[in-house]
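There are 2 protein chains.
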Amino acid sequence: MTDDTLAAVGEIAALGRIIPRLTPPDAAEVGAGDDAAVLAAPDGRVVITTDSMVDGPDFRLAWSSPFELGWKAAATNLADIAAMGAVPTALVVALMAPPSTPVALLEGVADGLAAACTALAPGCGVVGGDLASSPTLTIAVTAIGALEGRSPVLRSRARAGDVLAYAGVLGLAAGALRMLFSLAVDAAGAADAARASALRGTHADLLAEQLAPRPPIAAGVIAALAGATAMLDVSDGLLLDAGRIAKASGVVLDLSRGALEPDAAAVVAATGFAEDVAWDLVLAGGEDHGLLATFPSAADVPAGFRVVGRVLAGDATVLLGGKPPSTRTLGWDSFA
Amino acid sequence: MTDDTLAAVGEIAALGRIIPRLTPPDAAEVGAGDDAAVLAAPDGRVVITTDSMVDGPDFRLAWSSPFELGWKAAATNLADIAAMGAVPTALVVALMAPPSTPVALLEGVADGLAAACTALAPGCGVVGGDLASSPTLTIAVTAIGALEGRSPVLRSRARAGDVLAYAGVLGLAAGALRMLFSLAVDAAGAADAARASALRGTHADLLAEQLAPRPPIAAGVIAALAGATAMLDVSDGLLLDAGRIAKASGVVLDLSRGALEPDAAAVVAATGFAEDVAWDLVLAGGEDHGLLATFPSAADVPAGFRVVGRVLAGDATVLLGGKPPSTRTLGWDSFA
Chain D
1 MTDDTLAAVG
11 EIAALGRIIP
21 RLTPPDAAEV
31 GAGDDAAVLA
41 APDGRVVITT
51 DSMVDGPDFR
61 LAWSSPFELG
71 WKAAATNLAD
81 IAAMGAVPTA
91 LVVALMAPPS
101 TPVALLEGVA
111 DGLAAACTAL
121 APGCGVVGGD
131 LASSPTLTIA
141 VTAIGALEGR
151 SPVLRSRARA
161 GDVLAYAGVL
171 GLAAGALRML
181 FSLAVDAAGA
191 ADAARASALR
201 GTHADLLAEQ
211 LAPRPPIAAG
221 VIAALAGATA
231 MLDVSDGLLL
241 DAGRIAKASG
251 VVLDLSRGAL
261 EPDAAAVVAA
271 TGFAEDVAWD
281 LVLAGGEDHG
291 LLATFPSAAD
301 VPAGFRVVGR
311 VLAGDATVLL
321 GGKPPSTRTL
331 GWDSFA
Chain P
337 MTDDTLAAVG
347 EIAALGRIIP
357 RLTPPDAAEV
367 GAGDDAAVLA
377 APDGRVVITT
387 DSMVDGPDFR
397 LAWSSPFELG
407 WKAAATNLAD
417 IAAMGAVPTA
427 LVVALMAPPS
437 TPVALLEGVA
447 DGLAAACTAL
457 APGCGVVGGD
467 LASSPTLTIA
477 VTAIGALEGR
487 SPVLRSRARA
497 GDVLAYAGVL
507 GLAAGALRML
517 FSLAVDAAGA
527 ADAARASALR
537 GTHADLLAEQ
547 LAPRPPIAAG
557 VIAALAGATA
567 MLDVSDGLLL
577 DAGRIAKASG
587 VVLDLSRGAL
597 EPDAAAVVAA
607 TGFAEDVAWD
617 LVLAGGEDHG
627 LLATFPSAAD
637 VPAGFRVVGR
647 VLAGDATVLL
657 GGKPPSTRTL
667 GWDSFA
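Protein chains in written order, with the working numbering: chain D, 1 to 336; chain P, 337 to 672.
Hints listed in this document are in silico derivations from the structure and should not be mistaken for laboratory results. Source: prediction; values computed, not measured. Any given hint might turn out to be false.
Pair ranges (Cβ atoms, derived) [to be verified]:
id	chain 1	residue 1	chain 2	residue 2	range
1	D	Ser100	P	Ala530	29 to 39 Å
2	P	Ser633	D	Gly16	33 to 43 Å
3	P	Asp362	D	Leu312	47 to 57 Å
4	P	Thr454	D	Arg150	29 to 39 Å
5	D	Pro122	P	Glu484	40 to 50 Å
Even glycine gets a Cβ: it sits at the ideal position worked out from N, Cα and C.
Use the sequences and the hints to build the structure in full.
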């Protein structure tokens, strides 16, 4: 670590330190360093998505390490590619940072981006990017994926009679965030690095669910090969995101309360929260980044997924145990 | 126009107003609204680049209309695709804005993005994006292009004996910025909308070069078809960007002072600046976004380009009339 800042080092020298830390993707035909990169798209299509992380609304430097910021920025975008049934092939990354930012911080972000690609989507890597000045530290990632000749798995093809399945555990990421907001703040309510560090000492695995998530990226292709009829990644809360499949497909999704009990129990065990709080986090917490998919029958549900409900005929509604859910929150809205 | 803000309207309703203003690209197989979009890549490759615009370092709302912000964000990314010899096929756009931002402002940005695609790269459009909260208004664009079976035109293939040519006029964008900084500020030096408006009354065409540039996007493919050996878009100043070709190709680029005299004269005519200031802007001003390319011979230089120099054997140097240039600035660095 050095304390050289972007202002002291300059854009070109900073890029000279950041770019070598990024492993180029296997699909790169022309990598970073020209006006644009060139990526292979062997089946004649690319899947593309973009998602950003902003200092303040999306993260706090007192809670997240630079490595974790890069990891999460990659992981959340990889999950959107996986949710189409595609293999992530490359990221492009726009880093925007105040001139006072240490270059070492951005080196840490780069290391996290590279490590998440290696761990979650081998062969994927950062193929290009942009480094620019901003008052607000921002990581804007665009992810590209390959369908390898398959049809994309959309939100709109769930059919009555399908089963609903999920890959991942619900509620832990939101539980971790709730613990950070209650225990890793100072007397004035501001994010506090020392208290976050203490919380890591007792709840490392839980905090990782929020700060450096490991979405089941490979499960996206597995679901597609198993015949998934619809799929998305649960980022804004189970009820809200299930509602997106229900609306796009014109069906009712009936969630099984029994199937979600292990999630609520896991949240209680990891956080010590009351059971009703845990259920709110499971149903509406957000940032789970697991994959919610529908399959023609229970026999089609592949390893890594578990049945969490069923698809009924009807009009764009989500039920819990056959009834309208009564949860106190309705999922994430950036501006709510 | 309404004064509804993002905070009042919420993310989902705001997207419902923004997305319909964006024309989907011809290449879209799956458009906005799922986890990711799917784009056609008929020749099995995509060209990809990203560039951002940030309130403060890159623009001021007192000087630029929302429409102009969207236009420029699209145009600068389209130029990077063109500089590879590719046809722009799609943009993905991450918009980050304070909760107090009027939705109408983002509608204006969307209109500018759509209009720039229609005008500069017909068939290209916005295929997806992200709307998120940030203290700093930011437009992060990723552009995708198609090579249509051609090889990409890199920076690294210029050869001694080639001629150097340029499509566009140099110095006007930087001249406009200099006028804004001297005449469209208040007594404290802050950007002033009323003074900018007055300056538009007398210098509309000049300000458009800075605020809503029209890079010669179609010239990128024309250059590739004509056999361009190297190409880039001049964004950080002629000397600095020419140096990038010189370095990547391991050659000397010798710029002709006579060939650049019309640019300097155009800057003097448009701004009233002294000739030595105009020359600095031509050589190092930045944000020109024209295409600088090398061709095997003068006979290969296609319509839309003019010869501005020659390529000599030697080591990664840029000369002006055979001598090292003495300019007072060295081009753009985001953190300098």
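The hints, checked one at a time:
Under the hint 29 to 39 Å, the C-beta atoms of D/Ser100 and P/Ala530, about 33 Å apart, fit the expected range. Taking the beta carbon of each, P/Ser633 and D/Gly16 are about 35 Å apart, inside 33 to 43 Å as hinted. Separated by about 38 Å at the C-beta atoms, P/Asp362 and D/Leu312 break the suggested range of 47 to 57 Å. A C-beta distance of roughly 33 Å is found between P/Thr454 and D/Arg150, which places it inside the suggested range of 29 to 39 Å.
Between D/Pro122 and P/Glu484 the beta carbon distance is about 31 Å. The supplied range of 40 to 50 Å is therefore violated.
Figure legend: structure checked against the earlier numbered hints; hints not met, in rising order: 3, 5.
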